[in-house]
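Colleague: With chain A fixed as given, assemble chain B onto it according to the hints.
Protein chains: 2
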Amino acid sequence: YAPTRCAAAQTSTEQGVLPPCHHHEAVHDPQLVPCTCPLFSCPWEGHLEVVVSHLRQTHRINILQGAEIVFLATDMHLPAPTDWIIMHSCLGHQFLLVLRKQEKYEGHPQFFATMMLIGTPTQADNFTYRLELNRNQRRLKWEATPRSVLECVDSVISDGDCLVLNTSLAQLFSDNGSLAIGIAITTSKVHNVEAEI
Amino acid sequence: YAPTRCAAAQTSTEQGVLPPCHHHEAVHDPQLVPCTCPLFSCPWEGHLEVVVSHLRQTHRINILQGAEIVFLATDMHLPAPTDWIIMHSCLGHQFLLVLRKQEKYEGHPQFFATMMLIGTPTQADNFTYRLELNRNQRRLKWEATPRSVLECVDSVISDGDCLVLNTSLAQLFSDNGSLAIGIAITTSKVHNVEAEI
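Quick mapping for you: the protein sequence lines, in order, are chains A and B. Residues in the first sequence are numbered consecutively from 1, following full-length UniProt numbering. Residues in the second sequence are numbered consecutively from 1, following full-length UniProt numbering.
Hint data in this document are derived by calculation from the structure and do not stem from the laboratory. Check the hints yourself; a few may be wrong.
[To be verified] As a list, the in silico SDA-like pairs of lysine to any residue whose alpha-carbon atoms are at most 20 Å apart:
(1) A/Lys141 <-> A/Gln171
(2) A/Lys104 <-> B/Tyr105
(3) B/Lys104 <-> B/Ser168
(4) A/Lys141 <-> A/Ala184
(5) B/Lys141 <-> B/Phe127
(6) A/Lys141 <-> B/Ala184
(7) A/Lys104 <-> B/Thr167
(8) B/Lys104 <-> A/Gln171
Since the structure is predicted, the reported quantities are computational estimates derived from the model, not experimental observations.
This is chain A alone, in the form it adopts within the complex (with noise of 0.2 Å):
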C-alpha cells in the first residue's frame, strides 16, 4: 500500500472542468488524464476512455457489475494511509468507489469513502450514488452526485465531502475486520430529493 496520489487531470477551461491538482500539471494533451487510480503513482496518460481497461489491466481493479452491489473491503486494521478501490459498472457507465483510511488528526484515523464516474463533471451530474453500511442494528446512508474522475479525489476527502467515519463506527460495521458498503446507482432526480424531507 503505497501512499495514494492525485487522480485529476489537468483540462482545457473550455470543457468546464475543474481546477487541477497543483502538483499534477505535465498533462499537455487537454484530451488526455493520468492515470486514476490513487492507490499508485503511475506514469500512464490516456483518454478517458481507455481508463478502464487500463486500471483493470495494469492494477488489477476488479468491476462488480449490477445496480446494487456490496463490496467487502478487507483488513479494516492496516494503518493509514491505505486505499481500498473498486470498480463499479452500471447505467452504461464505469464508476471508481475510493475508500482510504487516512489521519487528518495525528493517532486518530478516519475512513472516508466517495464514488467518481469515470467520466465527465457534465456526465456525472446525472447520477446519484448511495453508500450503506448496515450491522450491529445500525445503518448509516450517504447518497450524493458522484464527482468525476477529472477532479481530484484527494481534495473531495480532504473537504470531508464524503461518507466519513471514525474508527469506533468502523468497528461497529465490520465484521472480523472487513467492512462491507452497499453501493447503489441512480440517475439522479435533484429536485425530488430536496422536497422528501
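Modeller: This is chain B only, laid out in the frame that chain A set:
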C-alpha cells in the same frame, strides 16, 4: 450555553441498567433519576415518569409531536461545547434528541447527534430512530436503537456511536446557519434490517 453534564443515573443493578457516570453518584434512591437535561447542572431528581414535565417546565425544552418531525437547530456557528435539545413525542413515548458540538480534537469541532428514550433500556430496545440530513444534493441517514436516558449521553457521544458530522459537512447541510434534522421513530424490526443489505 453552559458546559454539558452527564445525564446518567445511579440505578440498582436489579434493573439491569448500565453503570452510571463516575461523576454523578449522589442518587441514593434507585427509583429516582437526576435531571436528564445535559444543558444545565441541575440538582433536580425524580422518578422517570416526571422527567418530561421537569424538562418542559424547568428547562423550557419543547416537545414536537408526530412519527416524523423536523428539528431545526439554529446558530450552528456557536463555539463548542454547545448542545441543542428537543423532546419528541411518538408511539406513546417521549424521546430526547441531543445534538452536541464538541472538540474531540482541539481546533476541530464536530457535531454529534443521538436520540435517547425517556424510559428504561429494555423499553428503548423496542424502537429504532432515524436522523436524516438532506440538502445540496446530499443525504445522510443514521439509524440505530435509541439509548435510555438512564445511560450516559456523554459516553454515547465520546464513543462516537451516533451520527457524526465534521464542520464542512455540517455547513453543506446547513441553511443560513441552521441545520434541519429529520427525525423518525419506528418500532424496531431488528431481524429484517440485517437481511436487507
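Colleague: Each hint should be assessed against the structure and marked as holding or not.
Modeller: Each hint, compared with the structure:
1. Between A/Lys141 and A/Gln171 the alpha-carbon distance is near 16 Å, which keeps this suggested pair within the 20 Å criterion.
2. Distance check on the hinted pair: A/Lys104 and B/Tyr105 sit about 10 Å apart at the alpha-carbon level, within 20 Å; holds.
3. For a cut-off of 20 Å, the pair hint linking B/Lys104 to B/Ser168 stands: about 16 Å separates their Cα positions.
4. For the proposed pair A/Lys141 and A/Ala184, the alpha carbon gap of about 11 Å is at most 20 Å, so the pair holds.
5. A hinted pair counts as satisfied when its Cα atoms are at most 20 Å apart, and B/Lys141 with B/Phe127 qualifies at roughly 16 Å.
6. Between A/Lys141 and B/Ala184 the CA atoms are separated by roughly 15 Å; this keeps the pair inside 20 Å, and the hint holds.
7. For the hint linking A/Lys104 to B/Thr167, the alpha-carbon distance of about 13 Å falls within 20 Å, and the restraint holds.
8. For the hint linking B/Lys104 to A/Gln171, the alpha-carbon distance of about 18 Å falls within 20 Å, and the restraint holds.
In summary, this structure violates none of the numbered hints.
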